[in-house]
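A.B. asks: The residues making up each chain are set out below.
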Amino acid sequence: MIKKEMIAMLLAGGQGSRLGVLTSKVAKPAVAFGGKYRIIDFPLSNCINSGVDTVGVLTQYQPLRLNTHIGIGIPWDLDRNIGGVTVLPPYEKSAHSEWYTGTANAIYQNMDYIDGFNPDYVLILSGDHIYKMDYEVMLDFHKEKEAEVTIAVMPVPMEEAKRFGIMITDESRRITDFEEKPLNPRSNLASMGIYIFNWKTLRNALVVNAEQPSLDFGKHVIPYCHKNGAPLYAYEFNGYWKDVGTLSSYWEANMELINIVPEFNLYEEYWKIYTRSLILPPQYISAESVIEKSIIGEGSEVYGEVYNSVIGCGVTIGKGTVIRDSIIMDETRIGDGCELYKAILAEGVAVGNRVRLGVGEEAPNETDPNIYNNGMVTVGEKSVIPDGITVGKNSVIFGVTALEDYEDSYLPSGKTLVKAGEEA
Amino acid sequence: MKELSQKRAVCAMPIAGSYRGIDFALSNMSNSHIRKVAVFTQYNARSLNEHLSSSKWWDFGRKQGGLFIFTPAVTAESNFWYRGTADAIAQNLFFLKNSHEPYVVIASGDCVYKMDYNKLLEYHIERKADITVVCKDMPAGTDVGRYGVIKMNEESRIEDFEEKPIVAKSNTVSCGIYVIRRRQLIEMIEKGMEEERYDFVKDILIRYKSLKRIYGYKMKEYWSNIASVQDYFNTNMDFLKPEIRNYFFKQYPDVYSKVDDLPPAKYNVGAHVRNSLISSGCIVNGTVEDSVIFKKTYIGNNCYIKNSIILNDVYIGDNTHIENCIVESRDTIRANSYHKGEDGIKIVIEHSDRYVI
Chain E
1 MIKKEMIAML LAGGQGSRLG VLTSKVAKPA VAFGGKYRII DFPLSNCINS
51 GVDTVGVLTQ YQPLRLNTHI GIGIPWDLDR NIGGVTVLPP YEKSAHSEWY
101 TGTANAIYQN MDYIDGFNPD YVLILSGDHI YKMDYEVMLD FHKEKEAEVT
151 IAVMPVPMEE AKRFGIMITD ESRRITDFEE KPLNPRSNLA SMGIYIFNWK
201 TLRNALVVNA EQPSLDFGKH VIPYCHKNGA PLYAYEFNGY WKDVGTLSSY
251 WEANMELINI VPEFNLYEEY WKIYTRSLIL PPQYISAESV IEKSIIGEGS
301 EVYGEVYNSV IGCGVTIGKG TVIRDSIIMD ETRIGDGCEL YKAILAEGVA
351 VGNRVRLGVG EEAPNETDPN IYNNGMVTVG EKSVIPDGIT VGKNSVIFGV
401 TALEDYEDSY LPSGKTLVKA GEEA
Chain W
1 MKELSQKRAV CAMPIAGSYR GIDFALSNMS NSHIRKVAVF TQYNARSLNE
51 HLSSSKWWDF GRKQGGLFIF TPAVTAESNF WYRGTADAIA QNLFFLKNSH
101 EPYVVIASGD CVYKMDYNKL LEYHIERKAD ITVVCKDMPA GTDVGRYGVI
151 KMNEESRIED FEEKPIVAKS NTVSCGIYVI RRRQLIEMIE KGMEEERYDF
201 VKDILIRYKS LKRIYGYKMK EYWSNIASVQ DYFNTNMDFL KPEIRNYFFK
251 QYPDVYSKVD DLPPAKYNVG AHVRNSLISS GCIVNGTVED SVIFKKTYIG
301 NNCYIKNSII LNDVYIGDNT HIENCIVESR DTIRANSYHK GEDGIKIVIE
351 HSDRYVI
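So the sequence lines, in the order shown, correspond to chains E and W. Note that my numbering numbers the first sequence so that position 289 is 289, with each residue one more than the last. Note that my numbering numbers the second sequence so that position 126 is 126, with each residue one more than the last.
In short, the hints are calculated from the structure, not lab data. The beta carbon of each residue, even a glycine, is placed where N, CA and C say it ideally should be.
Listed below are the simulated DSSO-like cross-link pairs for lysine-lysine, each with C-alpha atoms no more than 27 Å apart in a straight line:
no., chain 1, residue 1, chain 2, residue 2
1, W, K241, E, K319
2, W, K258, E, K132
3, E, K25, W, K250
Some chain W residues near chain E, calculated using beta-carbon distances under 7 Å:
no., residue
4, G17
5, F249
6, S257
7, V273
8, N275
9, S279
Take a look, some chain E residues computed to stay more than 10 Å from chain W by CB distance:
no., residue
10, I114
11, L403
12, D405
With these hints in hand, go ahead and build the complete structure from the sequences.
C.D. replies: Below is the structure:
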């Protein structure tokens, strides 16, 4: 008989539109992070490190990169005879076929998968946070409190509490009330989007609310459980936890890794983070290079200068090029004599020679000022920037651009240049 | 190989930052679509066994074929160690007998090269050879005294084969890679067993050189043996050349190795790295010039490392000077140390405590 005490369901279907062009071709959980990782590596590594060896990954938006990355789960030791990692895309049914319309709806559509493992508990995770957490400790808490639902929470500064879902608890950590993005928060315990449910409780809640459009955990399932008197508890987590849902927070989380002793330390023996690495060779640093306060992935070749930056695997940085405060993802090639300030270059970008990115006046982005701000230049994957181009701040480039696309080889601050449908 | 092989067999020696000697032969086999590979190990196999703990990195985790590891074992018939290369095969002859593949490629794990063994096999069949030996012309002036030296006629048939000659007759050396028909190999090995002959080169190649059709297959690409300290050092330093890196790292097919799940290399303020290879998991605070730094090495503040090889997981304390050295893996070099190879390469082995309580 097949039996797993707890299995995890990882919600990885969202686009993450606040990451702008970084997610135009890949789902947010597949976005590169910290030189050689992808965001989904963190919850997946947490699972295996916590002894959770059965993980269903729910995919919907642009799943190709995610599928190839996960494969059969070898890097995380999640290739198992029973359990392991399974990618669960939406599928056609004899009646009522639909996409995943909400977080809980995705789980509802995969109840058979969960039933197949006969679990007592189901752990719900999302694929857009950077953290190390032992889910087994959370499960112990869940059992000790005899809870039916446990929600991981994190204390946040009171003034920021209005950006989160807030839990109000009594002394025993039992949740008495909750409010979504309250104007006047009554507590500072923010939900981290990590839940443990008794499978029986969750299954019942999903079946009863099946007809609810866009069935969502925060909006429907948890309020339903609360209304029915199920004991809800808040599990307080005090470690490093970072939402990388916006370009600024994504940039900050990357930059935090290059501090002398980073708050989020990847160099600890305990609680390793695993990823699929295809590029193995060491990196080559040439005789003319200068590198300071940076991390660099495998197989990169550096001939220029790199300061305060996070560089991925297989990147080439040409002679005389100076890179500051930037994030360069895997397999990007940068020519000679370039200057990059606060640039985020997605995977496989080709930058010509003498290109300057992130210079000039501050100006808000013309199309999406809420996404592209803080003076960053964002370049989507496989984009091409020809020789001699200068690009201002808060700007976006996506697609294979040629000299004709620029006026006098110049893209002023705040401009968006997207050439859709073309690839190198 | 001096002190470096106290810790491991030569084919488990770390190469070029991220690899081990045996990765090259195994990757070549995998890339040549050889599905069944046997590894014979005897000397100090711990490190090698650790490296081969899973066969999935070379895609040998197969139901059909796969990776087989043969260490000497006490059986009802024998309790000998492997007394030579041919004896290693002889003691595991059942494996050859139970296989169905018509040809066998024999290769040693201590060479750095890329090769499609199918091309070698095509050549072997075309020449109707009994055995084909891969060989390479060494640059003039190389001391070939520690290789097998080959003399061939115009048709590439081997006329003379001398193992480790004092005076070499040519500068063509055997690369230690052979292809042979399986039935032929079994026959020769069985004959050798009867006569208590245990060495593949001496007792098969050299003994049969006029009796059988033994051909040489000249390799033009990069090939290097790592079985001496100087060669090991030079082979690693070769990877500082762009054309060598391009050949091994950028061109198809790739070389595979066990994945270590290490974070990216980190450069702190004060790091000065010039013309060097740095591997994953390293943290650099000091100066590194013309060196190959293997995985997970920590280089302290104000260190100066030049023309050296630092093997895996070494901790180098502050203000240390290391020049013309090979630093053994898992070493801890105390702060303020001074190591310099004056004439030739110095091997540094230190057993200091890493953590002072």
